[in-house]
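Here's the letter readout for the chains.
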Amino acid sequence: MWLTNSSVGRKVVMSVTGLFLILFLTFHALMNAVALISLDAYEAVCEFLGANWYALLGTAILAGGFVLHIIYAFWLTLQNKRARGNDAYTVTARPKSVEWASQNMLVLGLIVLCFLVLHLFHFWAKMQLPEMLGDEISALRGKEALELAFSQLWVLPVYLVGFCAIWFHITHGFWSAFQTLGTTNDKWIERFKCIGWWWATIVMLLFAVEACYFTWFFAL
Amino acid sequence: METNISFKLKVWRQAGPKEKGHFETYEMSDIPTDTSFLEMLDILNEQLVEKGEEPVAFDHDCREGICGMCSLYINGHPHGPATGATTCQLYMRRFHDGDTITVEPWRSAAFPIIRDLMVNRNAFDQIQQAGGYVSFNTGGAQDANALPISKVAADEAMDSASCIGCGACVAACKNGSAMLFVSAKVSQFALLPQGKVEAKRRVKAMLAKMDELGFGNCTNTGACAAECPKNIKLSNIARLNREFLCAKCSD
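Chains A and B, in that order, are what the protein sequence lines are.
For the first sequence, position 207 (counting from the first letter as 1) is numbered 207 according to my numbering, and the numbering increases by one without interruption.
For the second sequence, position 219 (counting from the first letter as 1) is numbered 1219 according to my numbering, and the numbering increases by one without interruption.
Just so you know, the hints here were simulated from the structure itself, not pulled from any lab data.
Errors might be hidden in some of the hints.
[Stated by the list, open to error] Here are the simulated DSS-like pairs of lysine-lysine, each with C-alpha atoms no more than 27 Å apart in a straight line:
no.	chain 1	residue 1	chain 2	residue 2
1	A	LYS187	B	LYS1233
2	B	LYS1233	B	LYS1174
3	B	LYS1174	B	LYS1196
4	A	LYS81	A	LYS143
5	B	LYS1196	A	LYS187
6	B	LYS1209	A	LYS81
From a predicted model like this one, the values you see are computed outputs, not experimental measurements.
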């Protein structure tokens, strides 16, 4: 199977899952934004994405995307470490055109993973999970979960660190995905870099504004 | 204007492929700045031979930047601090009096060290042998211009063909990936009608050989293109990916 045997095939899996996760993040940020306008409307969104068959199917596909992306990341990194050899260079220099994020995707990914676990614990484990297990009574509603998480002041800085890591991760990941899929050329490499930068900045800024607003609303 | 500089030279010494290597520091004094880097190493070797020590082994051949033989990792850069130039085109005027210059071999699992600063780049030959050529029975030679080729495609193919296969891309890459080399070799044919005939077979064979020889996976950091002495562009890698995906889809 060329998606596992060939180096380009493995990268295609990384790029397709990565783009899928960027798309998910975009929808996530937009759905959170509903709570900025009206908490009742946000409640309706949460209701819609409860433990229905379509929401569960979506969650399963999303989880699959995350798992594939993470497993392939470790696999590729291990292979790359082996290809580099045992002796490291004594003196190294990063050329100007090489982005810092591009050389630190695994570290950034690990920070994002830690943030993801915390975030799932804050929301998914208290909303969809109990509902899935048939415990409808202890399942929190959207507003309750928001209040429980953001009424604690330490949550905001931790979330902001997570957002920063995701921002760095996407600024490289976005154009890199299109490069791997072979859709770029001299002109489009720069264009995808620009689009990726703006996309990451707008989406992550929206998340940051939302987190700040919830903290102000529930904790202050 | 020519001046003389003195500096410390930290050189990787390794007696053989299986031996343990180490850095040796040499004091170089009064080296004219118009000396090329390789000539400076020649001066060092003369001094070492006079003292009865083993000279430093390093690869070199044409010394005019076209053969791709010279291969030193100098102060954190393949082919040293100059851009768009090979080690043999690097002059001592790039350095200053009192500097410490660190010289290492290419470090990659696919390029094992032979001795000191020499590495075995036979892996590149094997990738070329897997498909980096055009093979057909042409019969008599065609008239010139019988096959119209656009200026854009001709220029791109020529730029890609300027790869000298020195391995700086692999040395620069944190993943030890050979994608820039393979993509240049694939591109120079894929862009021309003569190369399109075997394009699918070629890209699959060369990529499979690259993977088999233990090169890493490309993560698009772009260090290869930034350090390439022939300024091979990153868009070649996109073309390689595109050619490979098209070939796989049409299987």
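Hint by hint, here is what the structure shows:
For the given pair, LYS187/A sits about 12 Å from LYS1233/B by alpha-carbon distance, which is consistent with the 27 Å threshold. For the hint linking LYS1233/B to LYS1174/B, the alpha-carbon distance of about 18 Å falls within 27 Å, and the restraint holds. In summary, the hint linking LYS1174/B to LYS1196/B is not supported, as the alpha carbons are separated by about 32 Å, beyond the 27 Å threshold. Between LYS81/A and LYS143/A, the direct Cα distance comes to roughly 45 Å. Violation of the 27 Å bound is thereby established for this hinted pair.
For the suggested pair LYS1196/B and LYS187/A, the alpha carbons sit about 23 Å apart, so the restraint of at most 27 Å is met. Between LYS1209/B and LYS81/A the CA atoms are separated by roughly 19 Å; this keeps the pair inside 27 Å, and the hint holds.
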